[in-house]
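Visitor: The chain contents come next:
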Amino acid sequence: MNGYTGKILMVDLTRQKITTIPTSKYEQWMGGHGMGSAIFFDLVKDKTIDGFDPANVVTIMTSPFSGTLVPGASARTEVQGIGVQSYPVGWFTRSNFGGRFSPMLKFAGWDGVVIQGKAAEPVWIDIRNETVTIRACKSLSLWGMDTQKCQKTIWGYMAGESGYGDWMQPAGDTGGQTTQRPAVLAIGPAGEHLSRMACLIHDASSAAGQGGFGAVWGSKNLKAISVIGTGHVKIHDPKALIETRLWQKKNYAFDLENLKHIEGAWQFQSPPSTSHERGKAEKKQGKRPKGCVGCHSGCRSISEDGIGNEVTCIGALFYLDAKTNDIHRKACELINLYGLNAAEMIYGLVYIRLLQQNEDLETAKIPPCPLDFSDYGSERFIEQFVKMAAYGNDGNGNPSEFGKDVSTGFVRAAKKWGRMEKDLKSGVLHFPYWGLPIHKEPRAQVYWGYGTLLGDRDINEHEFDWIKWDVFRAKQKNINPESSAKELVKIFTDIMVPFEGDMLMMDFSEKNIYSDHMAKLVSWHRYYTRFWKQSMLFCDIRWPDIVNLHRPDKIGSTGIAEPRYLKAVTGKDFSFLDGIHLGRRIWNLDHAIWTLQGRHRDMVHFCDNVYEKKDPLSNADVPNCHLPGFENGEWGYHGYSKRKLDREKFDEFKTRFYTIQGWNTDTGYPTRKTLESVGLKYVADELQQKAKLG
Amino acid sequence: MAFSKKERPPRTVSRRDFLKVAGTVILVAGVNSPFAIAGSVTKYPPSDGYILVDIKKCQGCVTCMLACSLVHEGIESLSLSRIQVVQNPFGAFPGDLTIEQCRQCVDPICVEQCPENALTVNADFGNVRMVDASKCVGCGTCVEACPYTPSRPIVAADDRYESELKARKCDLCANTPYHWDQKGGGPDGKQACVAVCPVGAIQFTRTIPVQKGDLGYKVNLRGPAWERLGYPTT
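Those protein sequence lines, which keep their order, are chains A and B.
Okay, so the first sequence: first residue is 1 according to the working numbering, each after it adds one.
Okay, so the second sequence: first residue is 695 according to the working numbering, each after it adds one.
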């Protein structure tokens, strides 16, 4: 099995038992998310269980590309299971993270890890090639440690006094040798204390942030998984693999001598970025770029004081109001140390501050808030806030009902305080879908909001996101965007098989955002990401490569590059369209699981604010998001944030979307015909048993 | 396939090269370096090529390591890579990371001490210090002899020899069954780690680096473009 190691590790924490699943059993799903969903469906008989139920199964999957030379696809790891973050239902959900965990898992001989049950006491899992040991945390006092100390302690345990820098044989004399540190995935105090905002953290700042998987691990008494491997991944055609890498490097990647797109752009073609660093005129840290394993253009950095290393993306947007850059970097590091979801913490802090500014914190139903807002912007303030959310106390080690409420997540806290509906409606609590924080403005980037609502989580998929940034910068500089709207839409929609050529898929004007065209865009996006990004594990930041300024025709390598890599690594003839089809199959399986959990079309709505108010708060992005629109017979870029969505029209959109999926339009339930057409008869059977078949 | 000796343009050791090498040996002999043990520089002709790295430019993606095992063994393995990037994600720049590559030593002690003459200065490939796997018995003498940490030669089971232990070391991609370029590697060809490095932190040179210490091999490959991206160049 080229690209695979051939086996998946299964750890039953209740029985302290290690077994294996042959990867071949799930190879039809290719890897990552597809495999994870299929395994979850088979192992979890009652899909209605709570995420904290010991019967919840967490899958941690690699892809055939993990640990290979495929750029931006070597390092991601997909995590799935029933989450505890979303509201009112903890959906079956996913998160993924970069770094070096999945390559190391492959080098140890495993295509994934499946966690079942609950340990009687806190444990960690020690994987050294074939040797897997469930170890009690107490001998190393791991339980209670922050994520950095936990990882360093395990590293020290593995290497002994000699430390790192020389060859070591982690699996003993009979194993191979390595110079590398074990890759450790750990929870912090937030996970241990079952905060629903808790993450899984690897290295300095690779986080499986969404879903509350840190708390799920905490509920299983699982502190960490450490893996060190000295083996290898077999490659079908090694020469073709390096040829393809170099072909892309030469023709599509950044060229240091001819730099384009350097201003924070995060695309395949973009050069390494120095992460988000606040623009304040203070001394900047000396640094290097940091890439995940196999990455062609790192998006992280390592700084000269080592604080806030690897912080990137939304993790770098926490506490932007800090008084200094140094405090900001420390704040970003804190959420990693304690293992907290950056997005929820960012918008949760906004919420608490707005309550304080509106003098609503004084109302009777809200317990006393232990935070001193006169100190806002300081390191002391943010450390207390982070600890409060992690430990569920006052942040100083004392009991606090307010802290306890906050640790359940801000929507649940608002619910307990009797103000959830009111604050969601006003937008003070900017969590517009499934109790999850805003990320991209759903009124403008409707595909993002629709995808989130029709799925399980903030989609966090950036295929189209950079468009508005390009227009925004162009407007700031009073220059033209890199591509005209018509040119850009043409290139994008040409790649969207099997819906290719329908340019109106990317018309974000008012008249089109509830149309069949938009339903096709959302469908394509769901299928594309489910397979190519979440199953083959191409990085969300660097892929796809659709519009590329290094090419005379601006046409990127996506559609050609992905199948070439897949053929080189696995030997499989599998087209880009095959991936879209498999993505649709995976999407159907996920939707069936949500249906079994209780999903009905009537539940699928934004909070009232999105329908009733125009862009109530500026989000983390640009003002009045400019996107392509076909207006008055012409393509152009137009600002679309200053509108509200129409509740009835969105309901009609759902009917169009369900029709494209082949689902029942009254209930949103999957139909037998559709499920059988994608090879999911057994799923249809289970839905029928539960009276959930459409 | 790399150039054979007959095909390759003749290379002579320039007076400048000679002075560098000789000067280095004289210098290191004076400080009791391992090179002082190794004897005279004239015993082995110098390699026609060397790998240089910039540890301040490296982005730690280990793409070089993946490429190394891929072109040599046809598999992806960090453990078999002849170039090792060792890093600490919690460390402070620039001490968080180092790249350790074979230096193609002017006075190669691994060659000197191999009891089977399996490690050779291969004239067919520009005097690169190479392992002849057919002669290697996997005794690990080269690993022990290498004065650098981690040792540049690696001994590991080799599937091509019924899993017998065999030494491997950097050959500048001279012997790479899975090389992508028709002309192959070696000093006159292309080296995988150099070719794949996304940020140009690895470079090939024909100039013999200063042998004493690391400065000859760990160099500054940054420039104005690097500074434009916001990274230090000094």
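Calculated from the structure, these hints are not laboratory results.
Hints are not guaranteed to be accurate.
Cβ-to-Cβ under 7 Å is the rule here; a few derived chain B residues that face chain A [unchecked claim]: (1) E770; (2) S773; (3) V780; (4) P783; (5) A786; (6) F787; (7) I803; (8) Q807; (9) P809; (10) Y872; (11) Q876; (12) P892.
Ideal Cβ positions, reconstructed from N, Cα and C, are used throughout, including at glycine.
Visitor: Against each hint, give a clear statement of whether it holds in the structure.
Guide: Hints, one by one, checked against the model:
1. E770: Since chain A brings a Cβ to about 4 Å from B:E770, closer than 7 Å, the hint holds.
2. S773: At about 5 Å, which falls below the 7 Å cut-off, the nearest Cβ of chain A leaves the hint on B:S773 intact, so it holds.
3. V780: With Cβ-Cβ at 5 Å, under 7 Å, it holds.
4. P783: holds (4 Å)
5. A786: Result: holds, 4 Å to nearest chain A Cβ.
6. F787: holds (5 Å)
7. I803: violated (18 Å)
8. Q807: violated (18 Å)
9. P809: violated (21 Å)
10. Y872: holds (4 Å)
11. Q876: Status violated, d = 11 Å.
12. P892: Since the shortest Cβ distance to chain A is 4 Å, the answer is holds.
In this structure, the earlier hints numbered 7, 8, 9, 11 are contradicted, and the remaining ones agree with it.
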